[in-house]
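Read top to bottom, the protein sequences are chains S and Z. Take 1 as the starting number for the first sequence in my numbering and just add one per residue. Take 1 as the starting number for the second sequence in my numbering and just add one per residue.
Just so you know, the hints here were simulated from the structure itself, not pulled from any lab data. The structure displayed is predicted, hence computed values, not measured ones. Don't take each hint at face value.
[Claimed, not checked] Taking lysine to aspartate or glutamate pairs in the EDC-like style, the calculated list, with each CA pair at most 20 Å apart, reads:
| id | chain 1 | residue 1 | chain 2 | residue 2 |
| --- | --- | --- | --- | --- |
| 1 | S | Lys202 | Z | Asp43 |
| 2 | S | Lys197 | Z | Asp85 |
| 3 | Z | Lys58 | S | Asp204 |
| 4 | S | Lys267 | S | Glu339 |
| 5 | S | Lys266 | S | Glu339 |
| 6 | S | Lys192 | Z | Glu37 |
| 7 | S | Lys297 | S | Glu347 |
| 8 | S | Lys186 | Z | Asp13 |
| 9 | Z | Lys201 | Z | Glu230 |
| 10 | Z | Lys201 | S | Asp198 |
| 11 | S | Lys299 | S | Glu269 |
| 12 | Z | Lys84 | S | Asp193 |
| 13 | S | Lys202 | Z | Asp13 |
| 14 | S | Lys199 | Z | Glu42 |
| 15 | S | Lys202 | Z | Glu245 |
[Claimed, not checked] Listed below are several chain Z residues computed to face chain S (Cβ distance under 8 Å; list not exhaustive):
| id | residue |
| --- | --- |
| 16 | Met1 |
| 17 | Val4 |
| 18 | Asp63 |
| 19 | Ser68 |
| 20 | Ala76 |
| 21 | Asp85 |
| 22 | Glu104 |
| 23 | Gly155 |
| 24 | Gly169 |
Positions of the beta carbon are idealized from the N, C-alpha and C atoms, including for glycine.
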Amino acid sequence: MEKKLMKGNEAAGAAAILAGCKYFFGYPITPQNELPEYMARELPKCGGTYLQAESEIGAINMVYGASGAGARVMTSSSSPGIALKQEGISYLAGAELPCVIVNMMRSSPGLGGIQPAQGDYFMATRGGGNGDYFTPVYAPASVQELVDLIIKAFDTADLYRTPVMVLGDGMIGQMMEPVELKIPEKKEIPAKDWAVKDKPTKGDNKLINSLYIIPEELEEHIQGLFSKYEIIKQDECMYEMFNCEDADVISVAYGTSSRIVRNAIKKLENDGIKMGLIRPITLWPFPVEAFEKIGSKTKALLCVEMSAGQMIDDVKIANEGRLPVEFFGRSGGVVPKPEEIVNKVKEILGGNK
Amino acid sequence: MKTVFEKTKGLTDIPFHYCPGCTHGIIHRLVAESLVELGLMEDAVCVASVGCSVFTYKYFDCDAMQASHGRAPAVATGAKRVLKDRTVFTYQGDGDLAAIGTAETVHAAARGENITIIYVNNAIYGMTGGQMAPTTLVGQKATTSPEGRIASTNGYPIRVAEMLSTLDGTAFIERVAVNKPANVIKAKKAIKKAFQTQTNKQGFSLVEILSSCPTNWSMPPQDALNWLEEKMIPYYPLGNFKTPEEN
Ligand SMILES: Cc1ncc(C[n+]2csc(CCOP(=O)(O)OP(=O)(O)O)c2C)c(N)n1
Ligand code: SF4
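For reference, chain S alone in the conformation it holds in the complex (with noise of 0.2 Å):
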């Protein structure tokens, strides 16, 4: 199939629509402004509506309404914007409803700064609104890989009835790749029953609900949420091993990161040092088991974020204590060259590569 030149930001929105995405609830912000003016054109000419909420608190619960009423639908926003929608993801993954959420990350905290960064780790993997839940994360490192994720983001959402989130950067929304729109399997849904509908449920009200008055019944709904994440966590985790056999060092790096960690590997390889690469592309579920497959050969572990270190903590509990945990990080939007990566691992190394 034809390869297109297209714009993270705007292949983001066509693998939505070849997800059969008709609602997307939206509110500009930079750096991910042409996703939802990419809907806004796009989606009326398939039968889909888009529209520009009042703020990112209105367009998550425009999100929580369509998404009760059966439809995929999705938003998407920037860091500050993803902060102000955290109060409906906890009630969309209360309410078990199932959404596509992009945060096209910026520099934090306040009104922080405007550039690529992944400080919205935490705020992704550990449920950022209130309560016992977590949400699905997706971190592509490509406008290839984020088109792909997006079309697998509807389906899990879906599947778990759940809330997932796709993280990507700046970098990953601004920056163009030639891209694939493949038209997507069809994956087994089970039917939206519970969903409110076009005709009404004679007999039989359906309601869209969090609220649970009755501790234990509280207790049993938020225990089946995590009997839910106990499949998640088997069923959908990925990542990605590269390089990493008998390899020196191993970094751990994410999306945009990632990608810097690739061009370091390779200079690494001309002073004759292994680098490899373990690269979640879900973040939650975190990819533990990636880290039960390393060899003995390996001398330590650095975790490369674009950030003052958030995935190093998940790198900490998946290493168990077994290898030294090194961390290198620019923030505040600024990119890490691969340069400071290479001389990071030989200090690591230091004498005794």
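Given the coordinates of chain S, assemble chain Z with the ligands onto it according to the supplied hints.
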């Protein structure tokens, strides 16, 4: 024997949890009766809000969605955009609609969303125990305005019906009260018109209903109804603010 009055089929048999003398119950009955009489009960989708009326989804015999505090108009927007032919309505208190949910309310109105809002103004935060609401009258005591609302520090109560009727997006806006039989009859007419506005696809409709909260106003129910008449109605005048031409 001829039946002269019976409980509307639009309400389930689950007993209300409202305090004795609370007029939320009357409003539920009026909404249910209106939907049944218009043949819309099965077709209705109730978006419940957060406040004393949080369990409305148990009482109305129809499909429902429970929204987070203040966001019912956004949830209703999402639902209605998908379910264009169903009658989508929210049921919201004044804290929910006119404080935390002001943005969602104003913008649903400005967009002319074809939904109906049943807005219950009891000038207090009922569910959380009587704190000052955006609608609490100047001088009215609340747990967070123990000396009575003071305009110089707390500002002034919001007249939602008047405010929203300035928006071109709104089609039907009326303020009613449920403190005496004559007003109850008018309230029901307004509720019916609001739903008809939606079924006629004429756009955004809202009925502001002045309601009593004897518990948090610290009054016996009859005194509360009198207080509503004497204090609330002068500040919140009853009447229609907007009607679609063809209605
Ligand atoms: C985000 C959030 N903030 C605060 C609350 C607590 N809360 C529950 S009900 C309520 C106010 C309800 O007052 P109102 O809307 O006037 O309805 P009433 O109870 O008077 O009918 C508040 C503040 C909440 N549930 N969620
Ligand atoms: S607290 Fe007030 S509004 Fe709430 S049920 Fe009791 S009387 Fe009604």
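Q.
Please list, smallest to largest, the hint numbers that this structure does not respect.
A. Failing hints, ascending: 6, 8, 9, 15, 16, 17, 23, 24.
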